[in-house]
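Asks: Kindly produce the complete structure, drawing on both the sequences and the hints.
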Amino acid sequence: MANRMKVKKITSAELRKLLSIYDVYKQEQTEDSNSVISLLSAIEVGSASRAYVERTFQPGEVLIRENHPGDTFYIIRSGHAVVFKGDLQNPAILGFRGVGEAIGEMALLENLPRSASIIALDEMTLWEFSRETFYRFLQENPTFSMTLMNMLSSRIRKSDEERMRGYMREKKQVVALETLSRQATHDPLTGLFNRRYLDQILYGEIAHARQSGALVGVLMADVDHFKQVNDKYGHKAGDLMLQKAGELMKGCVRAADIVSAAKRALARKK
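Residue numbers for the sequence shown, in our numbering: 624 to 893.
No lab work stands behind these hints, which were simulated from the structure alone. Wrong hints could be hidden among the right ones.
[Said to hold, decoys possible] With a straight-line cut-off of 25 Å between C-alpha atoms, the simulated PhoX-like cross-links for lysine-lysine are:
{"no.": "1", "residue 1": "LYS708", "residue 2": "LYS640"}
{"no.": "2", "residue 1": "LYS794", "residue 2": "LYS781"}
{"no.": "3", "residue 1": "LYS855", "residue 2": "LYS867"}
{"no.": "4", "residue 1": "LYS632", "residue 2": "LYS708"}
{"no.": "5", "residue 1": "LYS867", "residue 2": "LYS850"}
{"no.": "6", "residue 1": "LYS794", "residue 2": "LYS708"}
{"no.": "7", "residue 1": "LYS708", "residue 2": "LYS781"}
{"no.": "8", "residue 1": "LYS640", "residue 2": "LYS781"}
{"no.": "9", "residue 1": "LYS850", "residue 2": "LYS873"}
{"no.": "10", "residue 1": "LYS795", "residue 2": "LYS781"}
{"no.": "11", "residue 1": "LYS708", "residue 2": "LYS631"}
{"no.": "12", "residue 1": "LYS859", "residue 2": "LYS873"}
[As the list claims (entries may be wrong)] Restraint-style ranges between C-beta atoms, simulated for each label pair:
{"no.": "13", "residue 1": "MET787", "residue 2": "TYR826", "range": "41 to 47 Å"}
{"no.": "14", "residue 1": "ASN713", "residue 2": "ALA832", "range": "40 to 46 Å"}
{"no.": "15", "residue 1": "GLU793", "residue 2": "LEU761", "range": "37 to 43 Å"}
{"no.": "16", "residue 1": "ILE779", "residue 2": "SER635", "range": "29 to 35 Å"}
{"no.": "17", "residue 1": "TYR826", "residue 2": "ASP783", "range": "44 to 50 Å"}
{"no.": "18", "residue 1": "MET864", "residue 2": "GLN806", "range": "42 to 48 Å"}
A virtual CB, placed ideally from N, CA and C, is assigned to each residue, including glycine.
Replies: Okay, here's the thing in structure tokens:
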């Protein structure tokens, strides 16, 4: 019969938040997870007393709390848990644990407080092992040590892969934001700043000039006989002329100056 102990439980809203993250980042179980349970079962065959205590946890209950002392480790028999650092307002998710996986072993290996918090996502059953039993397994059972080492190595690989995926997602978001920003501030044909951006810049520059007594210079230019070129040679030729005119204007100004395409007129602020 599984033992129950008094544990802290998070709110329903906090649990829903973690479950929504789990739905997005759901992971497959490692291939060696069942071998850990089989190994521990084999160790206990013929023993007069079990080396572990079976514990049960309900959804939202806290299995392990970050920075708290750690004198036990667990093997998950059923259910899933989330591992995270920080508070529940903005948790840094480190991963999820499922059947056959070990949790809480790092505090014993490093002889340090818990490095992360772990919360049950659904009803869980765990085998709880004391520090003494954990060290005895490491010393007396090389297979247990190797299996645990493989599991930790697999977690590191997964963490690296997730970190890379997170980096790629972040990079895509940055590129998307840069694209949106460029579309909002640039003329798609010439690549110059658009009228909206010019208006914003002029407003700020004029306000600054009024306060400081500085001068604001604006140069406006137009392409002569543009309609005739457009009608005679077509829109592609007209577009090319505007692009070349924009390049010419950019080549004639300083790096700090702003060249803008405003209703097919080219303006420069200096």
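Asks: Does each hint fit the structure? Answer for all of them.
Replies: Status of the hints after comparison with the structure:
1. LYS708 - LYS640: Answer holds: LYS708 to LYS640 is near 15 Å, not above 25 Å.
2. LYS794 - LYS781: holds (20 Å)
3. LYS855 - LYS867: holds (18 Å)
4. LYS632 - LYS708: holds (17 Å)
5. LYS867 - LYS850: holds (16 Å)
6. LYS794 - LYS708: holds (23 Å)
7. LYS708 - LYS781: With a Cα-Cα distance of about 17 Å, the restraint between LYS708 and LYS781 holds, given a limit of 25 Å.
8. LYS640 - LYS781: holds (23 Å)
9. LYS850 - LYS873: Status holds; Cα separation ~23 Å.
10. LYS795 - LYS781: Judged against 25 Å, a Cα distance of about 21 Å means the pair holds.
11. LYS708 - LYS631: At roughly 17 Å apart (the allowed maximum being 25 Å), LYS631 and LYS708 satisfy the hint.
12. LYS859 - LYS873: holds (21 Å)
13. MET787 - TYR826: 41 to 47 Å: holds (43 Å)
14. ASN713 - ALA832: 40 to 46 Å: Holds, since ASN713 and ALA832 (Cβ atoms, about 43 Å apart) stay within the stated range.
15. GLU793 - LEU761: 37 to 43 Å: holds (39 Å)
16. ILE779 - SER635: 29 to 35 Å: holds (34 Å)
17. TYR826 - ASP783: 44 to 50 Å: Holds - the Cβ-Cβ distance for TYR826 and ASP783, about 48 Å, lies within 44 to 50 Å.
18. MET864 - GLN806: 42 to 48 Å: violated (23 Å)
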